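Given the coordinates of chain A, work out where chain B should sit on it, guided by the hints.
Line by line, the protein sequences give chains A and B. Okay, so the first sequence: first residue is 0 according to numbering that gives the first Met the number 0, each after it adds one. Okay, so the second sequence: first residue is 0 according to numbering that gives the first Met the number 0, each after it adds one.
Quick caveat, the hints were computed from the structure, so don't treat them as lab data. Fair warning: there could be bad hints in the mix.
Said to hold, decoys possible - No more than 25 Å apart at the CA atoms, straight line, and that leaves these computed lysine to any residue pairs for SDA-like:
1. B:Lys81 x A:Asp166
2. A:Lys424 x A:Asp166
3. B:Lys81 x A:Phe169
This structure is a prediction, so every number in the text was calculated from the model and none was measured.
Below are the chains, spelled out letter by letter.
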Amino acid sequence: MSGFTTHSKLSVIASLLAATAISSLPLLAQSGMNTTSLTHEVVLDGLDNPWDMAFLDDGTMLFTEKCKGLSVRMPDGTVNALYGVAETAGYAANGADLFCEGQAGMMGVAFDPDFANNRGIYVYSTSNMSDPHTNRLMRFTVSDDFASVSDRTDIIDDVPYKMAASDHPFGGPGAHNGGRVRFSADGALWLTTGDTHNGEVPQSPTMMGSKVIRIDTDGNAHADNTPPEGFDARTYTYGHRNVQGIAFHPVTGQAITAEHGPWHSDEITILENGGNAGWDPRPNMAGRADCPDNYCGYSPNQEEGMNRYERAAFMPMTDFDTYPDAMPPVWNNNGWSQGMSSAAFLDGDAWGEWNGAMVVGIMGIGFGGTPIGQRLDVIHFNEDVTDVEDVTEMTLPMESGRFRSVVMGPDGSLYTSIDEGTIYKLTPGG
Amino acid sequence: MFKCCLLTVVTSVWTGALWADTTDESSVSATIDVEAAEAIFRKSCRACHGNKAQGASSYPALADLEPAYIATQLERYRAGEKIGPNSILMISHAKRLSDEDIANISVYVATAFD
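If we strip away everything but chain A, and leave its shape as in the complex, we get (with noise of 0.2 Å):
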């Protein structure tokens, strides 16, 4: 936790209470669109930390807040809130167990494809059910009327969490937990996790963080998962860094990750069925040394910035040299990392040039000489699917903000939640 959340115990503390009104900043105008204008609406606001949305064709929208809870707004605008984190007030039930921590809580959410049938749905989270803690992945049913769910009944459970700090930049606890939960057209269903801050996850072939997870919506591994020997069978790629987007190209139906980098090489990579993304932070290998807390992801320099390609030679984020059959990734932010998250498929001819290209949300601070990266960016494949041709910054028509996640709405519209707090609604035209 940052000091700036809790209040240490002072001599003398002075209040100062301004009488001044100050006026909120300005909303920045923008003109001049890239290939099409999008117009924008505020869908929710005030919201804490919104992670991630899900729709069914009628609008009707799931929704998490980190550290509050699920709620679904229904077609009305009205908003039920279903499933609180811990003791939180005015849910229709809470998960006792759950809670957020640093970068952890409740995060990824998804309809399930059937739900029309089986009303089924699933959110991921952070439980302290299991000591040492994990994140798991939820299945509720969702009553009728949307005003409740029931019948939770936790398919993985076995999602590494970082219990405590470390000697790491952001290394509180709750670190890098993935948290994208998806379905494919197949119907599978799909979560990313992350690496923990511990340098033993992204390879090892048991702990289940750093993966890309395959599985039916009992929790059982699909059954067409290639992994290496000895792996978990839910295992559809490793040794990731921390995958907080997985999208699915609209024709292939290849899966696509978008993935942090550590301070150096955002990734986009298409993957590979068994494949391994090159990520081993481990000290004492590769030329390495020890490293702090046994944890290489931010050296060498973990104090402040340093160029990002001696940081990508000494620490590479797909170890090519290591694992010569690594999954190369088709693009890599120029070389910066900025925070890459959330990934979703543009659909509908509204879009223009874009329709069928990827969009990704992008989330950077900007810290060390790199530039702020809060953006959504327009992903263009060529046409076989193996690379990116171009790459696009989307012209926003309101501020930018943190851009947690990116999804596609029945309406042809992209939803966007930042962590400031708001879901936003993009048109095309207008």
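Relative to the frame of chain A, chain B by itself:
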């Protein structure tokens, strides 16, 4: 163009801990440079703490804190003290701040978004 705003503030001084029962309140006047504070906020604070200092992700809200507390923490960061897991971020920003900058930004983030 350099612009100053005169802020009338009330200073409540506790002679004990935060939760002490007795207070000794007195009114004082303070001047902050709002334009300078806004520039610091946009350059160094907004990207993590949010456009209204409401907090975002693991970066805490500032808008509901007391200016004196914010100033004290910034002085500690400026001195290189590690307080929490995001200290390297705060130290790198705070070490560029003057006393006047700290006074300006501390009042600004605690009051501009009320």
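message = Tell me the numbers of any earlier hints that the structure contravenes, in ascending order.
response = 2
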